[in-house]
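A.B. asks: Listed here are the chains, written in short residue letters.
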Amino acid sequence: MSSRIYLGELEELILLLVALYDNEAYGVLLTEELQKQAGRVISISAAHAVLHRLEEKGFVRSHMGGASAERGGRRKRLFCITALGRKAVEELRDIRNQIWSMLVKTAPS
Amino acid sequence: MKENHTPPAWVDRLLEELAPADLAEEIKGDLRELFFKAVNDKGVRAAKRRYVFNGLGFLVKRFFWKNDPYNNPNQFMMLSSYFTMARRSLLFYKGNTIINTLGLVTGIASALVILTVIRYELSFDTFHSNSDRIYRVVRVTGTDLTISERSECRTGISYPVPDALKSEIPSLEKITSMEYVGGAQVDVPDGSGAIVRKFREERGCAMVEPSFFTIFDFKNTGFKWISGNPEKALTEPFTVVLTRTLAKKYFPDGNVLGMTLRFEKSFDCKVTGIIEDLPPNTDFPFTILVSYASLRSLADDRFTQKRKNWYGVNDEHQSYVVLAPGLSTQEMEKQIAKVHAAHTEKELYESRHYLLQKLSDIHFDARFGDFNGRTISRQTILSLEFIALFLLLTGCINYINLATAQSTMRSKEIGLRKVMGSNPRNLVAQLMTETFVVVLIAGVVALGLAELLLPHLQSLLNVTLTHYLFTDPFILLSLLAIIVLVTLLSGFYPSLIMSRFNPVTALKNKFTTEAIAGISLRKVLVVAQFTITQILVVGTFIVVSQMKFFDSMDMGFNKNAIITIPVPGRDPESLKVLEDQLRAEAFVSGVTFSSTLPSGLNRDRSSTDIGRPEAASMKDYQIFEYQAVDPSYLEVYQIKLLAGRNLTMQDSSGNILINKTLAKNLQLGSPEQAIGMQLKMGEKVTVVGVIDDFYSNSFKESVDNMALVINAKRYRNVSIKLNLQGDQGSLMDAVRRIEKIWTARYPDSIFDYQFFDENIKAFYAQEQKYAQLFQLFSLVFLLIGCLGLYGLITFVVNRKSKEVAIRKVLGATLANVLMLFSKEYVQLIILSFVLAVPIAYYAVDSWLSNFSHHIELNGWLFVVPGILVLLIALIVVGAKSAKAASRNPVESLRTE
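Residue numbers (this note's numbering), protein chains in the order written: chain A, 34 to 142; chain B, 10 to 905.
Hints are computed from structural coordinates only; laboratory data are not their basis.
Beta carbons: idealized from backbone N, C-alpha and C, even for Gly.
Careful, some of the hints might be misleading.
Selected chain A positions facing chain B (in silico; Cβ < 7 angstroms) [said to hold, decoys possible]:
{"no.": "1", "residue": "Val61"}
{"no.": "2", "residue": "Leu62"}
{"no.": "3", "residue": "Arg73"}
{"no.": "4", "residue": "Ser78"}
{"no.": "5", "residue": "Glu103"}
{"no.": "6", "residue": "Gly105"}
{"no.": "7", "residue": "Arg107"}
{"no.": "8", "residue": "Lys109"}
Isolated chain A, as found in the complex:
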């Protein structure tokens, strides 16, 4: 795999949330969760844009499903994380942990 993973901060958060709600994640849910977990307010269209980008990069996969009355009978696009996506977030976590461990060692306090 490529040695570089380009993930923006927002992208990473949303990717993690998709992993959390695997196969249940969709636009509205993710914006709400983002607000709850990270206290960030983003517009619905921004969330869609991020999801599209993630899908293009191959980190998430999607299918249509789950119509409900509150959506006026319209289906939602449900997202789940791909193996590549999981690997990407894990790698990012590992890199951070590694740097953090070094930071802890050298920290004066």
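Once you have looked at the hints, place chain B on chain A.
C.D. replies: Below, chain B without anything else, positioned relative to chain A:
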């Protein structure tokens, strides 16, 4: 939850319009979910606001506009399928495709050529910085300040005028004067002063002031000074600036600056500068620019502010002024008139006016002319534009006709497409693509064709092109516009017709040719096309007849077998020797000396006025041209003497011959009565004879007043009448003999001979070119028209092959079948002829009225070309239908 609250529907519709179905669905779902949550939390209004805000938020996101990543078919795929299908169907109907393309290629190529010409003509002298403020001072002789039909329009102004204007009109921004010198002899002396090379420059030599280049700066034309100082090069007398080409011609070894050139064997000029060649699209086509100061040194007395100097004029001496911005021409003309009045007497300033002519009008106003000797009227440009338009139109008409005719053959295809789910929009797009492909191919081919043709047409069209068409952005853009326009014009109607087919009828193939609504339109179009063609053919026929008429009409003198040469010296003894030597040759039957030639282009004219003895004021005088001749003049040119006697060498200049027109205008009565009359022409003169009128002008004008006098000091031309018998060798041998005598006599002059009849022909060079152009255009029109007819008849013959077979089986003859096919077209062409005649009549009648002598219009001039067109069309139709008619009927009946 309040169910009756709905989000704004227009947002949904907008999203549906813009996004592929899937994307719209998920977005709308999410939006609605948020909406209902917001209704509960924040109320309906806020929810609606947020709905709109959120929905519109998608429109600024890039992913929204990316072409549906999920599963919608690609729009571009459809387009590429249109092109694939266009290619297939164009290849399938090869014959039609070729005819269509050929028609369009001819149309577009001609339009491009015409466009190039028009652009070239309109570009004359538009590049000077202040071109909108530059004016030429022109001389108009007439009763008042405005130019009327009767006023005489000339360009020359008297020598003292520019100086007076400059010093007495302070508001005049700039003025520059120049004198054009036609037919200058330019010699190149070597260091010791001996002449090494001799040249005669018919055109391009001018005397200009240094300010010439400040007014005419030739901006962005590539013009520049190669060497020499632009400010000082032309200030001193006897300095000259050469263009690059001329510098190379005179001094091939490259050493030019500071060298000397001898002009007219009389004065030497030092080369002080070299400039880049001037662009071809200027009416100042100068190549040798002698300083105007030289003219002042040579003819100092002509420039002084003496009254008499304000009378003399030379049309090659012209002045150009730059007006300050905002100053009107009328105002300046008034000031000029004031200056003129201050220097001259009443009789002059009341009849002669100096007016201003815009620089941008010079190239288009034949009344005043220009240094190129060639103007083009705005009318001509307009008619060229029309012709280009019509050429394109006939190409389109061909396409429409063939495509609608073809549509019956394609009805099954169209029907099937409709059954398979094509909607009319798809079909129109499909058929328009086909048209576009044809037009595009035609456009590209036409560009290449125009490029190939233009170099050959340059002399005919009078253009000098310096660059290629396909690198010219203007031409490329016009071509693009033409392609788009032609595509829309010719593709729209057929595709509309076809897309409206009822699929059931179409599939059953029930259409016949007549059943299609297009048939009536098609007839209209054929008529329109042939009307245009007939107008042009009739026009051509009449223009050519008029040219023949010019050529055959008696001009009042004999122009055949006469060679004319300008003579350098005016010393009577030396001329006498030349005459004797020439007369000694067996092939010379006559020799005469004169100040000018009786007629022809580029000859000197001297005019003055003459009146009856009792004449008092200006209007009692007649302006007339006078020529100094010798006694053989009448004999050599076979000019008839009506009364009195010929002049002899013993006559003083007080004895004159006048022509019939002058006798009439002076009211001298019959030729016999005029003999012996005393007239006032400066001093008193006596009429000794009256000659018959001869045309000193072209037939475009009428006869001028004319008088002949004896004056050996003014001889400038020798005319030699040749009489070649069988054993005396060819014309060229005779010319060579004369050249030998000439060079022995005048070793430092150039033997510059001319056949007199060719000079006369040059009168009509412009008309001759029009005639050729007309012939070319009508040929193109006929070609396109016949191509269209051929396509139509091919189609009809194919459709009716069974009908023909059955008719033949039942006993129809070849003639019957031919009639069957040709009848309709004969009717259409006759109808178009009827329409064409009045338009053509109007057009040629106004053209002919330009000439004071022209052919009388009669029916035959219209009927003959009409029949010609009909015959050509019949041949096209007949050839194709004869083939069908002679086919074995079994063959067409056997196959179903």
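A.B. asks: Decide, hint by hint, whether the structure agrees.
C.D. replies: So, going through the hints one by one against the coordinates:
1. Val61: Cβ of Val61(A) sits 5 angstroms from chain B, so the hint holds.
2. Leu62: 9 angstroms, violated
3. Arg73: 16 angstroms, violated
4. Ser78: 4 angstroms, holds
5. Glu103: 5 angstroms, holds
6. Gly105: 5 angstroms, holds
7. Arg107: 3 angstroms, holds
8. Lys109: With a closest approach of 5 angstroms, the Lys109(A) hint holds.
The earlier numbered hints that this structure contradicts are 2 and 3.
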